[in-house]
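Peer 1: Following the hints, put chain C in place on chain F, whose structure we already have.
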Amino acid sequence: MTLTLSPPTATPEPQAPLQPQGWLRYFSFSVDHKVIGLQYLVCGFIFYFIGGALAGMIRTELWTPLSDFMPRETYNEVLTMHGTVMIFLWIVPVVNGAFGNYLIPFYVGARDMAFPRLNAVAFWLIPPAGLLLISSYFIGSASQSGWTAYPPLSLTTPATGQVIWILSVLLLGGSSIFGGINFIATILKLRRPGLKLLQLPMFCWALLGTSILVVLSTPVLAGTLVLLSFDIIAHTGFFNPALGGNAVVYQHLFWFYSHPAVYIMVLPAFGLVSEILPVHARKPLFGYITMVYSILAIVVLGLVVWAHHMFTSGTPPWMRLFFTIATSLIAVPTGIKFFNWLATLWGGKIALNTAMLFSCGFIVNFVFGGITGVALAQVPFDIHVHDTYFVVAHFHYIVYGGTVFVIFGSVYHWYPKFTGRMANETLGRLHFVLTFIGFNLCFAPQHWLGLNGMPRRVAEYDPQFTFINQLSSVGALLMAISTLPFLINMVYSAFAGEKAGDNPWRALTPEWLTSSPPPVENWKGPAPLVTHPYGYGEAPKPQTAVASST
Amino acid sequence: MPIPAAILTLGLSVVLVLVGLWVGQNVNMLPIDASANAPVYDELFQVLFSIGTSLLLGIVGLLIYSLVRYRRVAGDTGDGLPIEGNLPLEIFWTAVPAIVVLFIGIYSYDIYERMGGMAPLNDHSVHVMQASADSSIAAGMAMEASQGSGGPARIWGGISPTGSGAAAVNVDVTAMQFAFIFRYPESGIISGELHVPVGQTVALNMEAKDVIHAFWVPQFRLKQDVIPGQPTLLSFTATKEGRYPIICAELCGPYHGGMRSTVVVEDPETYSTWVTKNSPAPLPVSVSSAPSAPLQS
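Chains F and C are the protein sequences, given in the same order.
Here the first sequence stands for residues 1 to 550, where the numbers follow the working numbering.
Here the second sequence stands for residues 1 to 297, where the numbers follow the working numbering.
Only chain F is shown next, with the shape it has when bound in the complex (with noise of 0.2 Å):
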């Protein structure tokens, strides 16, 4: 095994002179993994705000039968934003560049990134993406195609907002990819001296199979991308039937991108509720390797499901089948690491607060949504409900009930090494309380809208689903009042919260035995060698303490 960092034997450069101190540098082009990270969060949380206030539009809208709140068009602009803003800008950039930046370097006894600034490239590519995206509201009109952007519709509708969707992912994929190959890198190579890979916390696990999906999928979706624009501005006919192109090769291909992505945004949320669970609940993670092997089994079975968003499109039947077996299997390794984490509670001493229950709300909402996406596999399931609220209802109990919750709950866990203060537990149980009810209430009840004939991105529908649609736009407005106490507790917490020390959880994996929030380059002295991050209940082994250097 190569490794390629020894630790400094002299006490480590402050800082690059270059680099702004104090608050400054997180506005500033700093290479400082915890900076980019934090820089990841805040950006993120913008624009979930933003991405937040779309939905709350369309579900306005939908409070009644009728297209009356907006016009038509922009209903279907405001759709496609809410779906780009909340995957290309929310959760892929969180739950991979905030909570990977902060933590890798950490957990594998490194003092920052493989590439720091490559990993300041990739974050600053962000806000001018997300700026240039929302803009195209402001110049002609926004994309209307939907998140899809499925040809020939996205070849018809107003092509200045298309072609400023298409510039705005690409730069957002770019950044994914720096960020990916940053991961990789630092993950096998940065390792530091005596770290095995088979003892590194299992979110570097997580990080590394989803590195992996980014860039293996994400230029294929890049390069759709690029065709794509090229029948719009230069009038090819790649995709375009009219001028003998096939519509169906650009879903095979945005879906061999997009199918992967929803591993992209779920696999590191599964690596930080392996981080969260054995802390709050005092014991080891069950089942390490297995662990291990489901998150590798998932990045496999991850790239061949792709078809399975294209049961309706004229499929031959060997495809079909093919495509829902692969999709059927990828339930058994998520069912591992769903058995596991609960046997990692099954006696243990389990504190109840923020970080924890929203981690066991992503259990609940993740493993409904698994359920539902067994069903969906389904070809003779899928004919039906294909397209439907019952499809919107499935993602979101997905990547709102289990992304979301898990980057919450990752907030409250990591939020006295970010801050050095702890947050307030009151106003954190509040925040859970109500997200759990509003998104339940907001979206168990478009299930049974698919079902029976609602097709989802409409702005008008049959009468006969107001009520439910209502109770559906009820959640909606709950789980926008639930990010007042979050709000008002990260701000407050910040200035007063109290003092959290270096480890108030008693953790054993390595960003906690440094101090709160931590130096640059992370350790004042040596990297500690942690080689049993979820040694809870055993005897102190020598080698969790702050070791000396190899």
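These aren't lab readings, by the way, just hints derived from the structure by calculation.
Quick reminder that beta carbons are idealized off the backbone N, C-alpha and C, glycines included.
Just to be clear, a hint being listed does not mean it is correct.
Ranges between beta-carbon positions, derived for each pair [stated by the list, open to error]:
hint	chain 1	residue 1	chain 2	residue 2	range
1	C	Trp-22	F	Asp-68	36 to 46 Å
2	F	Glu-538	C	Arg-69	44 to 54 Å
3	C	Val-73	F	Thr-64	48 to 58 Å
4	C	Ala-168	F	Gly-140	49 to 59 Å
5	F	Tyr-492	C	Arg-69	50 to 60 Å
6	C	Ser-187	F	Gln-464	30 to 40 Å
7	F	Gly-194	C	Ile-64	36 to 46 Å
8	F	Pro-128	C	Leu-12	32 to 42 Å
9	F	Leu-484	C	Gln-200	35 to 45 Å
10	F	Asp-68	C	Ala-281	18 to 28 Å
11	C	Val-60	F	Phe-322	30 to 40 Å
12	F	Pro-517	C	Ile-64	29 to 39 Å
13	F	Ile-488	C	Ile-64	28 to 38 Å
14	C	Phe-92	F	Pro-71	55 to 65 Å
Among the chain C residues that face chain F by a calculated CB cut under 8 Å, a handful are [as the list claims (entries may be wrong)]:
hint	residue
15	Leu-8
16	Leu-55
17	Val-60
18	Arg-72
19	Leu-81
20	Glu-90
21	Trp-93
22	Val-101
23	Tyr-112
24	Ile-212
25	Pro-254
26	Gly-258
If you only want the chain C side, here are some residues facing chain F, beta carbon under 7 Å, derived [unchecked claim]:
hint	residue
27	Leu-30
28	Ile-111
29	Pro-218
30	Asp-225
31	Ile-227
32	Pro-228
33	Thr-232
Peer 2: Only chain C this time, still in chain F's reference frame:
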């Protein structure tokens, strides 16, 4: 401890399965079943609903039990048991989901076959030239489709509940922004509503004029994308009289939500009356005199 715990676990599992079965049988989430497909679909739905309910209740129950039973007592700073894994347990919860998933896969394959999804008629690799050798119906459809759309060579099939039976009614469907147009080649009717006789196989030759649309009748549990450049064949047999919505299920532009029509399933006599009443005069150039029903918005 082991024996009571084992019995308790077994008992709880049985209760869970029974609750799941009961919910699957008794909680109806679906609209009326009005095609030959629909009862088959509902059978699959009940099975999935039962399994899903048992699983969800089991896992959530286990989670809540753990959170209550193993909650930390105030002031306790100790750790839980240092259990890092258990191989038999891992094998158990790998094998059981694998078996369940395999069962669901095989079962849904069977359902799909009963719906006619695997019928050779629908193999989209059937080319016009080859089709004439295989089956006269497929050939007939292929000809019509290729004539209707100026010659693309392939038929893209949806579900056919009839297998190889001859279709009683053929309808050419044109999907466009933002309407479905139904043309009856035998009688020359052009309509904004789809009228079909109950109990007889209907074959739809569908094509899209501009962007992708999807033909969906929730009461038939049937959906098929209609993609420009891909003439698509879809057949079904309606089993219950009534008026059901036809819904476009693929985002097709600003008025996507308004792209709806109606399928009217009526008894064969009423249907033939409708055909006679609405057939255009036998003059060949009579398109303007003909349209029967106004387009439904």
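Peer 1: Using Cβ atoms only, decide whether C:Val-101 comes closer than 8 Å to chain F, and label the hint accordingly.
Peer 2: 5 Å, holds
Peer 1: When you take the CB atoms of C:Ala-168 and F:Gly-140, is the distance between them in 49 to 59 Å?
Peer 2: 51 Å, holds
Peer 1: Just to be careful: measuring from the Cβ of C:Ile-212 to every Cβ in chain F, is the smallest value less than 8 Å?
Peer 2: Check passed: Cβ of C:Ile-212 comes within 6 Å of chain F, closer than 8 Å.
Peer 1: Can you let me know if the beta-carbon spacing of C:Ser-187 and F:Gln-464 is within 30 to 40 Å?
Peer 2: Taking Cβ atoms as reference, C:Ser-187 and F:Gln-464 lie about 33 Å apart, which means the hint holds.
Peer 1: Please test the hint of 29 to 39 Å on the beta carbon pair from F:Pro-517 and C:Ile-64.
Peer 2: 36 Å, holds
Peer 1: Under 8 Å is the threshold here; is the Cβ of C:Gly-258 close enough to any Cβ of chain F for the hint to stand?
Peer 2: At about 6 Å, which falls below the 8 Å cut-off, the nearest Cβ of chain F leaves the hint on C:Gly-258 intact, so it holds.
Peer 1: Check the following: the C-beta atoms of F:Tyr-492 and C:Arg-69 are separated by a distance inside 50 to 60 Å.
Peer 2: 34 Å Cβ-Cβ, so the 50 to 60 Å window is violated.
Peer 1: Can C:Pro-228 be said to touch chain F, with a Cβ gap under 7 Å?
Peer 2: Given a least distance of 4 Å, the restraint on C:Pro-228 holds.
Peer 1: Checking hints one by one. Is C:Pro-254 an interface residue toward chain F, by the C-beta closer than 8 Å rule?
Peer 2: 4 Å, holds
Peer 1: Would you check whether C:Ile-227 satisfies its interface hint, that is, whether its CB is within less than 7 Å of any CB in chain F?
Peer 2: Status holds, d = 6 Å.
Peer 1: Does C:Trp-93 meet its interface restraint, that is, does its C-beta lie within less than 8 Å of any C-beta in chain F?
Peer 2: Constraint on C:Trp-93 satisfied, holds at 4 Å.
Peer 1: Looking only at beta-carbon atoms, does the pair F:Asp-68, C:Ala-281 fall within the given range of 18 to 28 Å?
Peer 2: 43 Å, violated
Of the hints listed earlier, those the structure fails to meet are numbers 2, 5, 8, 9, 10 and 15, in rising order.
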